[in-house]
Amino acid sequence: MKQQVLCRLLLLPVLAGCMVASVARAQYSSYAVPAISNEKRLPDRLPQDGRLSDELRAVGAQGEIVPASFMIFPERDLGAVQLTASALAGDQGSIPAANVDIRVVKCWYQGGTGWHSYFADSDRRVLIPELLLHDEDLIRVDDEAEENYVRLGDGDAARYRWVSYPDQVKGALPIFNHALEPVADSAELQPVQLSEGSGKQFWLTLRIPEEAAAGLYTGTISLAAGGEELGRMTVTLRVLPFSLPPPRTWYDLERDFLSTLYNHTNLDVMSELLGEDRAAAERKVLAEMKNLRDHNVDTLLLPRIQRRDAEEIMTRQLELMQEAGMSTDPLIGFMQVYNWELLYRYLMTGNEIPPGKWQQLVAQTEEQRALIQKVLGHTNIYGIGWDEPGRSVLEAQLPLFALLHDMGMKVYSTGKDTHFGYAGFNEDIVNYPGHEFKPESARKWHAMGARIVSYAGPHTGPENPDFIRRTHGFQLYKADYDGSANYRYYGYRRNIWNDFDSESYRICFVYPTRDGIIDTLHWEGFREAIDDIRYATKLCQVANEAVAAGSAEARYAGKKALQYLALLDQDSADLNTVRLEIIDHILRMQRILEGDAK
Amino acid sequence: MIVKHVKTLILMMGILMLAQPTSGQEPMGWEAFQELRKEAQQLQRDKRLDDARELHKRLNAAVLIMLDDPALSLDRKVTAGLIVADALINDGEYDSVLALLERLRALPDITAAGLAKIQCAFGDMANSQGFQSKAADLYEEALALPDLSAGDRFFVLGKMATYCWRSVRDPEQLRPVVERMLALNDPSLNVRNWLRILATMQPPSTNWQRPETVEFAWNHFLRYDGISAKDRVTAFAGLIEARVVLGMTPEAGQSAAAALADEELPVATRLMAELVRLGLDATAAGTAVQSTQVEAAKTSLQAEALDLYHALNGAAAALKTLDEGRIARGYAGQAEQLVARPKPRYLCRYVEQAPLGAAGWFASELLADPLYREARFLDYSQKDADALILDVNAEREVGAKEQDKAAYFEQTAFYMVYDKAGWHIFVLCGEPNLAARQANGESLGALEMYMAPTPDSPYYQWIVGLDDGETSTYDWSSPHAGFRSAKEYLQAETRILGDRIGVYLFFPWEMLYDKLPFGVESGWLFETIRWSPAGGLSWSGGRVHNTGKWGSIEWEAPPDDALSQLRLGLLRKGWQKYRKASKELVDNYWRSRDFGDPEFVSTRLDPALERFDQAGALLQQPEGLSDAEITRLASEMLPVWHSFEYWLAAERRDYLEQRLTAAEGDGR
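Those protein sequences? They're chains H and L, same order as listed.
Residue 279 in the numbering used here sits at position 279 of the first sequence; the count goes up by one each step and never skips.
Residue 202 in the numbering used here sits at position 202 of the second sequence; the count goes up by one each step and never skips.
It is worth saying that the hints were derived from the structure and are not from the lab.
A portion of the hints provided could be inaccurate.
Result set (DSSO-like, lysine-lysine): computed pairs, CA atoms no more than 27 Å apart in a straight line [said to hold, decoys possible]:
1) Lys134/L x Lys444/H
2) Lys583/L x Lys559/H
3) Lys438/H x Lys487/L
4) Lys57/L x Lys47/L
5) Lys438/H x Lys374/H
6) Lys374/H x Lys134/L
7) Lys478/H x Lys134/L
If you want the ones that stay clear, here's a sample from chain L, every Cβ over 10 Å from chain H, calculated [claimed, not checked]:
8) Arg180
9) Val214
10) Leu222
11) Gly253
12) Tyr331
13) Tyr489
14) Asp594
15) Thr661
One-sided and incomplete, this derived list gives chain L residues near chain H with beta-carbon spacing under 8 Å [as the list claims (entries may be wrong)]:
16) Arg45
17) Lys47
18) Ala61
19) Met201
20) Ser205
21) His220
22) Ala237
23) Ala317
24) Ala328
25) Ala332
26) Ser477
27) His480
Bear in mind the structure is a predicted one, so any value in this text is a computation, not a measurement.
Heads up, the beta-carbon is just placed ideally off N, CA and C, and yes, glycines get one too.
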């Protein structure tokens, strides 16, 4: 008996937490894997959470951008393999092949805290899957020396630059200007080198059109080398009979969940980087804004602009945000509320601001408000206070905050629980740092009519997409936070491509190029974080409808859905499963509501 | 305090009396004016800006009278007026500034130089008011005034440069101004300071500096005589690096040769220059720089190891953009080798029963056994190069803070053992002034500790406050099947005995059942940083989150049957955990009438649960299981039993995914 049990256990397919469909081809093995996962998918590591399968399954709402992923482990050297996606055909139409984007997940060497932390650690090198590339040769990796190189230019002019040099040799010059250097990914997937014993992860981004009919869609991804088809992955996509609403808070379904980031995506910075080539700056800013919008970032934290042409810059910035589909109501930033001279010269030293200086500040603030009102038609504006102020700085800013409030505007400030006691009355959005998201903190600020958002819990940088998804999504949502305003999109490093030239931080979500953005696993994790909240918002909306519908069946289905959300352990639940459970609840409620309607 | 206030009062009264315009409109003398100006400056330094502002107003009134004083020279009138105008601009008293400047401009016989300075003051005011374009125009107008000497023009250009530097903060706008300064072609003018500013200036929103601008600035800077060796070090390094980035390799080589020939420069800089030169030659020839060449350069310049370390890194910095960093990588590697030091290792030994709690450790004989004591702490964030200046360190005099720190080095140690229950750590923190510190309410500091059971796994971080023993854990991953939060498992206790603080930490094996350190290649990464009142000391000498520096915990092999007993213990706990979780999640939820899913239970759960239960039954008679069978059972069942919720979630995910993408039905 004992032997029988042990033998049966040996055959358990479930031990790695996965179901195995026994598909293994002669040329390669393919695994369908969860796109967002804690697992580092490395060339020499079979996925513990994958299915040995040539079928990819995905589920998404109308208009949603849905990730899916698979790994290929070649049984022999396959050479340069071209992966081509077909259109996805359904009963009531199709989704064009152009909406099925395939990228390879590039592994490269990062600092010792890679995958886990935003603290820099240049004393160790670890192989990390991170970049989503159409052209895997954009980055060249030397596994033996554990070095990275980025390609500059194309074709015959292409050359590589060493971008994993250590901190000690960073030198005096900030040598990499991402807006100028000719680094660019291809628009479409290029042939991928598949070698025996070296697995590769592929990333699908499925853009479901808003108008796509609900139903099942199927298509293929073919793998071919030297004119010969090596095999196919089938793609099965369920398009759900609903679209996703904008994210709302858990505690109040009428309140927007703010999704924003600190960023360099503004014309001031880009103009500076591009030697005042305004047209190029606008192109780059717009490309970044669209990338941000595609990843559920709804608005931008805007810096104070101090240039001769500030008015023109601000106007165009707002117009570009609108063009990219970003929200500009409320508008956070631009407003000249903090001022080093006024703060440190007068307010913090107990001296009065000279009338001339004060009048100047009032005039400038009025001018900026008028400009924003002219472009946007509203004055729902938050001025940004001094970053991470101590008590003395915060209290010194009170006259400046009061000026904003007197002009009908509001105040955004980084803060923490201790701020509440002495500054709770003058902050309208407070951004809390750190990993602990406490509902009791949220309650306090909400009681004042203020809103609470989060940063540094963690900062951007850890590549683990599940970690990012959880900490920017359900953990904030269930703690009754009003949003995520993390630091930052990119921009901390001297050379954006080098993880080893800093002893402090490795903060970034993406890698900017001359004409766009290189997405990453963690950046996709952020999108899913906000999509989790959008799904939860949808669940709450449908549940409220069901509860109000009248029948006990609908009412109970609605309450059960809300109960599921309330019982959900946002700290440890498997978020891929949670997504499907939420969909299951929504569909069940819709079915009941449709039945009631009939 | 009272005395100070009285002194201040007397001073103020004196100042105000001095500043009062005399009743007969008698002008203030030049010396009195200068005295008052100094007092105003002192008030500003003392941050008494309100008082300074009052004094500026009175100075303004005084100057307006002085302007009519026939005994005062025109030059002094203009100077006094501009001094006061500058102060009033800073105070935002723009109307007064305007009136004063207009009076100055209207002075009889005003010179071109005076007019230019007055015009610049108008520009300064516009700039202060935020009218940057207007300011730039006003400066240009000043420059266009006729009959200006080179010195006058340099003054105006200086104003323009300051405006570009401080207000616009744009090196690309500063550069043409500096070029106009150079075009004055007057060696008596101090353009070199502006060149240095231009070479090192970074714009406000980015840190981007155009290498062309840096090259231009340092190249001109180095043409001046009398530049200090320190400044030449910076300039040569910047110039060489910029020229390599720009592909100006012949010019970079010339700069390197010039630096090498400059015998006043430090040896490290000259050696760096020689290594750059060798690197450029090797790049052109497609060859490598031989270690013998490096050694010869070192010998020729009589360089020390530390010089070589800095020279290699400096040369690598200059050459890193060249030829995919081929030569630079070699130099950087050689530098790294110079400072390579072994990582600390500690052997964690097996004991049948570890001391329990801080009190248990204080009473334990292990504390007196040097075999278990690890006290080789280093300065926090010790620089690699420090390894090369040991002799210097030995000779140097240490300050009081460092003397204090020596006591902490002596009295900080950790001890570790493991047993069948888990991993036990005891950190002993001697505090020489413990009672006094406590009496004064001073902080005793904290312990910051890290651990990673594999080089690849998420690391654990926890901080223990030595005042109150409060322990905070920080997770660097979401919990999942392969990672459990330390919050759930870590036990910590802090006790004080005499002048020693003892911190006990315990990690049960349940937290790390899938990371047992036996029969594996690598040890566990480990770091302890003590934030003592005299500063930080760390086991590895590294910084926070500096995983690359962390030491390694090696694990003594357990005695014969201890490992099986340990695994059996984990299996029993896992089985209990699974039974509880299964009842809660399967029986109470998935089998329930209100929440359940019969199809999911019958197709997915029941067959698997039957197998799990059968495996659990084997634990009823553990004596019948061989070591190999226990090992196999552990490897297969521990992940399910200890993390049943994740197994269940994965099963459910697959089930739902399959149902939603099934051809039949609408996913519902």
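Now for the hints, and whether the structure bears them out:
Between Lys134/L and Lys444/H the alpha-carbon distance is near 48 Å, which puts this suggested pair outside the 27 Å criterion. At most 27 Å may separate the alpha-carbon atoms for a hinted pair to count; Lys583/L and Lys559/H meet this at roughly 24 Å. Annotation: proposed proximity of Lys438/H to Lys487/L holds, straight-line Cα distance about 16 Å (limit 27 Å). With a CA separation close to 17 Å, the supplied pair Lys57/L and Lys47/L stays within the 27 Å bound.
Of the pairs offered as hints, the one joining Lys438/H and Lys374/H is violated, with about 39 Å between alpha carbons and a cut-off of 27 Å exceeded. Distance hint between Lys374/H and Lys134/L is fulfilled; the C-alpha atoms sit about 24 Å from each other, no more than 27 Å. Between Lys478/H and Lys134/L the alpha-carbon distance is near 53 Å, which puts this suggested pair outside the 27 Å criterion. The beta carbon of Arg180/L is kept farther than 10 Å from every beta carbon of chain H, the shortest such distance being approximately 19 Å.
Not every C-beta of chain H lies more than 10 Å from that of Val214/L, the closest at about 6 Å, which undercuts listing it as non-interface. Once the 10 Å rule is applied to beta carbons, Leu222/L is consistent with being away from chain H; the minimum gap is 15 Å. With a closest Cβ-Cβ approach of about 17 Å to chain H, Gly253/L is found to remain outside the 10 Å limit, as its non-interface label requires. For Tyr331/L, the shortest C-beta to C-beta distance to chain H comes to about 8 Å, within the 10 Å cut-off, and the non-interface label is violated.
Distance to chain H confirms Tyr489/L as a non-interface residue, since its nearest Cβ pair spans about 14 Å, more than 10 Å. Consistency note on Asp594/L: stated as away from chain H, yet its beta-carbon is not over 10 Å from all of that chain's, at 7 Å minimum. Its closest Cβ contact with chain H, about 4 Å, brings Thr661/L to no more than 10 Å, contrary to its assignment away from the interface. The interface hint given for Arg45/L is violated, since its Cβ lies 11 Å from the closest Cβ of chain H, which is over the 8 Å cut-off.
Annotation: interface hint on Lys47/L holds; nearest CB of chain H at approximately 4 Å, less than 8 Å. Annotation: Ala61/L was flagged as interfacial toward chain H, and the flag is violated, the nearest CB pair being 17 Å apart, outside 8 Å. Proximity of Met201/L to chain H is violated relative to the hint, the smallest CB-CB distance being about 12 Å (cut-off 8 Å). With its C-beta approaching chain H no nearer than about 5 Å, Ser205/L sits inside the 8 Å limit, and its interface hint holds.
Contact between His220/L and chain H, as hinted, is not supported at the beta carbon level, the nearest pair being about 17 Å apart and thus beyond 8 Å. Taking 8 Å as the C-beta contact cut-off toward chain H, the hint placing Ala237/L at the interface holds, the least distance being around 6 Å. Of the supplied interface hints, the one on Ala317/L holds, with its beta-carbon coming within about 3 Å of a beta-carbon of chain H, less than 8 Å. A hinted interface residue such as Ala328/L counts as satisfied when its beta carbon comes closer than 8 Å to some beta carbon of chain H; here the least separation is about 6 Å, so the hint holds.
The interface hint given for Ala332/L holds, since its Cβ lies 5 Å from the closest Cβ of chain H, which is under the 8 Å cut-off. Satisfaction of the interface hint for Ser477/L is found here, the shortest Cβ-Cβ separation to chain H being roughly 6 Å, below the 8 Å cut-off. Below 8 Å, beta-carbon pairs count as interface contacts, and His480/L has one with chain H at about 4 Å; its hint therefore holds.
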